[in-house]
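Colleague: Based on these hints, arrange chain B on the given structure of chain A.
Protein chains: 2
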Amino acid sequence: MDTKFFLGIVLAIVVVFAGAAVYSGLTKNQTAVAAPAAGDRDVLYQVSTIDALMQGVFDGIRPVKEIRRQGDFGIGTFDALDGEMIVLDGVVYQAKADGRIYPADDRMTTPFATVTFFDQDRTEVTEQPMNLSEFSSAMERRLPTGNMIYAVRMHGTFPSVKVRAIPAQHKPFPTLAEASKNQSVYTYTNSTGTVVGFFTPVFFRGVNVAGYHLHFISDDKKTGGHILDITIPAHTTVVYDITPGFAMALPTSGDFTGVDLSKDLTGDLAQIEK
Amino acid sequence: MDTKFFLGIVLAIVVVFAGAAVYSGLTKNQTAVAAPAAGDRDVLYQVSTIDALMQGVFDGIRPVKEIRRQGDFGIGTFDALDGEMIVLDGVVYQAKADGRIYPADDRMTTPFATVTFFDQDRTEVTEQPMNLSEFSSAMERRLPTGNMIYAVRMHGTFPSVKVRAIPAQHKPFPTLAEASKNQSVYTYTNSTGTVVGFFTPVFFRGVNVAGYHLHFISDDKKTGGHILDITIPAHTTVVYDITPGFAMALPTSGDFTGVDLSKDLTGDLAQIEK
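Protein chains in written order, with the working numbering: chain A, 9 to 282; chain B, 9 to 282.
If you're looking for bench data, these hints aren't it; they were derived computationally from the structure. Values in this document were obtained by computation on a predicted structure and should not be read as measured data. Do not take every clue at face value.
Treat identical chains as interchangeable: a pair holds within one or across any two.
Unchecked claim - Quick list of in silico lysine to aspartate or glutamate cross-link-like pairs, DMTMM-like style, CA-CA up to 25 Å:
1. K282 - D272
2. K271 - E142
3. K282 - D106
4. K271 - E281
5. K170 - D237
6. K104 - D268
7. K189 - D90
The shape of chain A in the complex, shown without the other chains:
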């Protein structure tokens, strides 16, 4: 590998906090408006935290329109945990529990999402078929560091893709673990499509899913969801976008301010994600 020089990156992030009733004490009256600046491509933009989602903070706080403004690639969920979000080539899709994919409207909202602008920095090619955990281990040995955020994209015909989507929840919201008991699971064979997701470092535990968090969408945009497992064939090209910038918007309204985010929920999360 060559050692090159980092010539300079300028990142600009414009985060629009939409109008929302605010938890008492968390009040702001700001109306400053800024135009999006160029060069904001190497930032993982995140709405809320994974542990808040784990605790049932499912109220959508940011519109899909803003998500598209922060990235053209990514994953998340929707208001009331209504399905899995896939953002691919600038289009936002909703994989619902009925097993279908719907285009997401700009006015829909999300309680948790992570997006970036995808730029290819690095590619790896799988040498043999592997499942999700084998893929994770194999890439751990190949990536230059596990202390970095990477956006991950791969396209192929996958012998087996097991995905889930969770139906919309109702208030009072359950925890993610409770909600996932009613999840729909679909296993597709020889499905051609794209894996969309991120690798985040272990030190992001609580904030994001440490390790890989991947969603799937078929080329015909008919099937997809949160990947529980996948068979990745040999000779699949895995594209990585190295993303050293991180931007997060914490909710200032709704359940977020009241839930207990002090516990380490890594173990609970691992059970739900697989």
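Modeller: Structure of chain B alone, referenced to chain A:
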């Protein structure tokens, strides 16, 4: 407390990644330049992570000039762990192990810093004298949520302020725990000055110092450092800036990519910080 409405905030963050040799594989060639946009005041901007600093990642990666661009208020350290950084009213100070304060040059660099633009959102007034842990407990009961980032500022004549500063380290860098064994500790009585720092939520563990992380600088700009303990008199006004946005720049060069950031260092950190 009133429940008000969040009228709308637009945040823009411009993160300038200065030229630096990049760990092989972590390469970028981007030259996009963006002008800082208005309205970027409610973002905590952070360079690197506290656990990286704990592990001895002391190479300065961002210039003071950039720190000033991201905020007028905050704390951090300098290249090689040479003293404590205090950013107050847009001026960057260096509290060195010799017990003196120096103005920081724009070309100096930092391996870890957190800054924001300080705007008063909320004030609390202490009812009785308290030390640092009593202050932390008292404010825990008063703040609307512990799941939020707050910038914290208070001015007064403090009966006792115990501060530390660590002398510049040499390569190969030790851990922060090792380096802190040679720290200089100064205790000032009836010192008039400003406490500058942040409260970050427990779920930031590994990323930032969960709870309060406070530095001190005297009004005459002669003494200060990282606060190990402080006696806060009754009737002190504590000003909070609610900061729902978080932006972090991970190092793409130097030791960061190689250190083990998988462990929970919360306990080690608590020993060093007090």
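Colleague: All hints are to be evaluated individually against the structure, with a verdict given for each.
Modeller: Verification of the supplied hints:
For a Cα distance limit of 25 Å, the shortest separation of K282 from D272 qualifies both inside one copy, at 18 Å, and across copies, at 24 Å. Taking the closest pair of Cα atoms, K271 and E142 come within 25 Å of each other only across two copies (23 Å); inside a single copy the shortest separation is 29 Å, beyond that limit. When the C-alpha separation of K282 and D106 is checked against a cutoff of 25 Å, the pair qualifies only within one copy, where the shortest distance is 20 Å, while the shortest distance between copies is 54 Å. In this assembly of identical chains, K271 and E281 lie within 25 Å of each other by CA distance both inside one copy and across copies; the values are 18 Å within and 21 Å between.
With identical chains, the CA atoms of K170 and D237 are at most 25 Å apart within one copy only, with a shortest distance of 5 Å there and 54 Å across copies. In this assembly of identical chains, K104 and D268 lie within 25 Å of each other by CA distance neither inside one copy nor across copies; the values are 28 Å within and 38 Å between. For the identical chains of this complex, K189 and D90 are intra-copy neighbours only, at 14 Å inside a copy versus 53 Å across copies, given an alpha-carbon limit of 25 Å.
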